[in-house]
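Chains as they are written, first to last, in this note's numbering: chain A, 241 to 626; chain B, 241 to 626.
What the hints contain is simulated information worked out from the structure, not anything from laboratory work. Check before you lean on any hint, since a few could be wrong.
Identical copies carry no separate label here, and so any pair may be met within one copy or between two of them.
Claimed, not checked - No more than 27 angstroms apart at the CA atoms, straight line, and that leaves these computed lysine-lysine pairs for DSS-like:
(1) K375 x K355
(2) K501 x K533
(3) K510 x K359
(4) K451 x K294
(5) K607 x K514
(6) K345 x K289
(7) K451 x K266
(8) K614 x K501
(9) K614 x K514
(10) K605 x K533
(11) K514 x K345
(12) K330 x K614
(13) K514 x K533
(14) K501 x K330
(15) K359 x K614
(16) K355 x K501
(17) K607 x K533
(18) K607 x K345
(19) K514 x K451
(20) K355 x K510
(21) K359 x K294
Protein chains: 2
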Amino acid sequence: MNMIRFGIIGVGNMGTNHAHNLYNGKVEGACLAAVCDIDPSRLSYIAEKMPEVKLFDMAEDLIENAEIDAVLIAVPHYFHPVYAKMAFAKGLHVLTEKPAGVYTKAVREMNEAAKASGKVFGIMYNQRTNPVYAKVREMIRSGELGELKRFVWIITDWYRSQSYYNSSSWRATWAGEGGGVLLNQCPHQIDLWQWMLGMPCEIRSFMEYGKGRDIEVENDVTTYARYANGMSGVFIASTHDTPGTNRLEISADKGKLVVEKSSITFYRNKIGEKEFNATYRGGFGQPEVEEIKVPITDVETGHVGILQNFTNAIVNGTQLLAPGEEGILGLSLSNAMHLSDWTGHTGIDPMHLDEDLFYELLTEKAKNSTFTKKTEKMNLDTEGTY
Amino acid sequence: MNMIRFGIIGVGNMGTNHAHNLYNGKVEGACLAAVCDIDPSRLSYIAEKMPEVKLFDMAEDLIENAEIDAVLIAVPHYFHPVYAKMAFAKGLHVLTEKPAGVYTKAVREMNEAAKASGKVFGIMYNQRTNPVYAKVREMIRSGELGELKRFVWIITDWYRSQSYYNSSSWRATWAGEGGGVLLNQCPHQIDLWQWMLGMPCEIRSFMEYGKGRDIEVENDVTTYARYANGMSGVFIASTHDTPGTNRLEISADKGKLVVEKSSITFYRNKIGEKEFNATYRGGFGQPEVEEIKVPITDVETGHVGILQNFTNAIVNGTQLLAPGEEGILGLSLSNAMHLSDWTGHTGIDPMHLDEDLFYELLTEKAKNSTFTKKTEKMNLDTEGTY
């Protein structure tokens, strides 16, 4: 069987990581055939480390001429839908970095192009390979938790110093990224949120922009969400707290789940809350609880896992763990959060948000930006991040 | 030296508790001289258990004729300011149960009456005797945490079943309590919030009324708060989650504090975040952290501690741990939360809230109530609650 030949669009921090994985044969049935980058120094790096790989300085050229089967898109977020659409038009499979894009309008078009092409479309939601969140999802879907009542997810462990923001000119600008923590650091968790818990019907967000940092985008977000079934949620994300927290608590009829430091504790009610409430007569008192350490046996396969699953989908039609079309869900949540803070509106439905208004306000921010970016030349080591 | 003679107004669940403490000599320098209650069966109970204590069926009569030095007010919240003002007018010292009242207008008048009388005025904020929160307060005030950035307090461990709500006719009604979890269960923590962290300048609250319960008031509250210095806060309270959580996390320049299960963990940055950010050049990376279990040596003295401190304040001018005048702070927070949810307004300043609008909306709710209260006769054992 032939190897699936990958072309990587953009070999900055993340793209280089993927290049090493493919080049070093970590993905069975796949190889790295080509890369492109507008920065000549990045191409020199690849030429030196991976001499057989073809080099291009334009994505358009790579897509047109590289003799590849699939592209992996690892350029700034605005360009994900742009290059994905080009690649689909050329008949290539597409794996895009997260987020799917910056605004849902463009992502909707990308999804349509994917559908029309019939090609495999994946998104690098490597956190879906994290067995902890997969287990939580399974416990919810199997009914083990019963009806969901509340979640509180504090994600303040994405600490980024000013030097990080200064490492690339596009980082943390409206024109370059179209957002901050929601677009760059948190897309994984925003996806996990909807993947595990489903989409809320109302969003109210409160943000701080450039808190303690010389940046123009949000680096502190507090969101209140409401679900059709009455469940409520709080989602907190920041990049300036240290040491941070990553703690997810889910309250449900049959007990409470606490996810922290890669472990899951299930406080299980011996009688469901509703049943207890309906029958108890003693005033104070609550159901008896068992504390269970939920065993996690699977191993996180990360970026390589997503690359392997994507390759398998091309080769033998394996089901995608992270279908590209689902990228719009997390982005809809993110856009709804921004729109809510920008307009002061409560109750924005992420599935029915005013896409034109969002696009208009975002474009305004980029156009009216008076921010002067200070950049220091450096390539960051993304080992250990995602 | 003469004993301070207490009269207790209301010997329901909580008042009976206080009566036992005073009658059994748990408060040095104080004795129980009289009680009043509109329910004859409560007076029969006291007559049987505490034969020397004078009985009254009207608060007005007790205040006028009981030959006492101080009153302890333990009736439904609306009546706290009413009886406090009467008692001050008669020249009595006053210790009121929490909350100070239901709306700040009345509490402001009570505070003025207290000031005019020159008598000792305390409030039963017994959680201020909890050494855990006292320690957190001290760490903040001493500057050990540096500038505060964020707090998240999840207080979902006030589980109350329907049978609790059915135990008294005034419970969980707009006319009887003027609110739910904010007025009955959480006033302690709302006070601790402002006592430890100060008053925010903006409030936005989201509430559920009668969630999973046949009651008309709020039993699920999520509040976002903003401070003048840029700190943000999230305060979550409910009475229908089980098992619940009581977890306070405070993020600050010099580290993070986590308070849970009566223990404090301090994750201390070896270099403050601001300083680290200003000097670090490595992109990813954060200050080194030490994990410290903060020792708690003091013992919680609870209701008896507040009674003793109040008595000492009368006898030798000891400083009050919980001055009655401070009750308006927690109530202002609580009123601001309600007003924000009722009006949908963001950014309500609890120190400058529209008291007339709040009172008008509250009165409307009580007047327009179509709720039929089902009551079962019972006296709850409040041992172990506060």
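Review point. Given identical chains, is K501 near K533, meaning Cα to Cα at most 27 angstroms, within a copy, between copies, both, or neither?
Key: both (13 angstroms within a copy, 18 angstroms between copies)
**Study point:** Intra/inter-copy verdict for K514 and K451 if alpha-carbon distance must be at most 27 angstroms
**Key:** between (43 angstroms within a copy, 11 angstroms between copies)
Practice item. Go through the copies and call it for K451 and K266: within, between, both or neither, with a Cα cutoff of 27 angstroms. Key: neither (40 angstroms within a copy, 52 angstroms between copies)
Check your understanding: Under a CA distance limit of 27 angstroms, which applies to K614 and K501: within one copy, between copies, both, or neither?
Key -> For K614 and K501, the Cα distance exceeds 27 angstroms both inside one copy (35 angstroms) and across copies (46 angstroms).
Point to revise | Up to 27 angstroms CA-CA - K514 versus K614, copy category | key: between (56 angstroms within a copy, 19 angstroms between copies)
Exercise for review: Up to 27 angstroms between alpha-carbons, please classify K607 paired with K345: within, between, both or neither.
Suggested key: Close inside one copy (19 angstroms), not across copies (49 angstroms); limit 27 angstroms.
Practice item. Since the copies are identical, ignore which copy is meant and state whether K451 and K294 lie within 27 angstroms (CA to CA) inside a copy, between copies, both or neither. Key: neither (42 angstroms within a copy, 62 angstroms between copies)
Point to revise | Identical-chain pair category, K359 with K294, by Cα at 27 angstroms | key: within (23 angstroms within a copy, 88 angstroms between copies)
Practice item. Give the relationship of K514 and K345 under a CA distance limit of 27 angstroms: within one copy only, between copies only, both, or neither. Key: neither (42 angstroms within a copy, 38 angstroms between copies)
Practice item. Go through the copies and call it for K330 and K614: within, between, both or neither, with a Cα cutoff of 27 angstroms. Key: Neither: 38 angstroms inside a copy, 70 angstroms across copies.
Check your understanding: From the Cα coordinates, with 27 angstroms as the cut-off, is the pair K605 and K533 best called within, between, both, or neither?
Key -> Intra 47 angstroms, inter 45 angstroms, cutoff 27 angstroms: neither.
Exercise for review: Since the copies are identical, ignore which copy is meant and state whether K355 and K510 lie within 27 angstroms (CA to CA) inside a copy, between copies, both or neither.
Suggested key: neither (47 angstroms within a copy, 53 angstroms between copies)
In summary, the structure is inconsistent with hints 1, 3, 4, 5, 6, 7, 8, 10, 11, 12, 14, 15, 16, 17 and 20 from the numbered list given earlier, while agreeing with the others.
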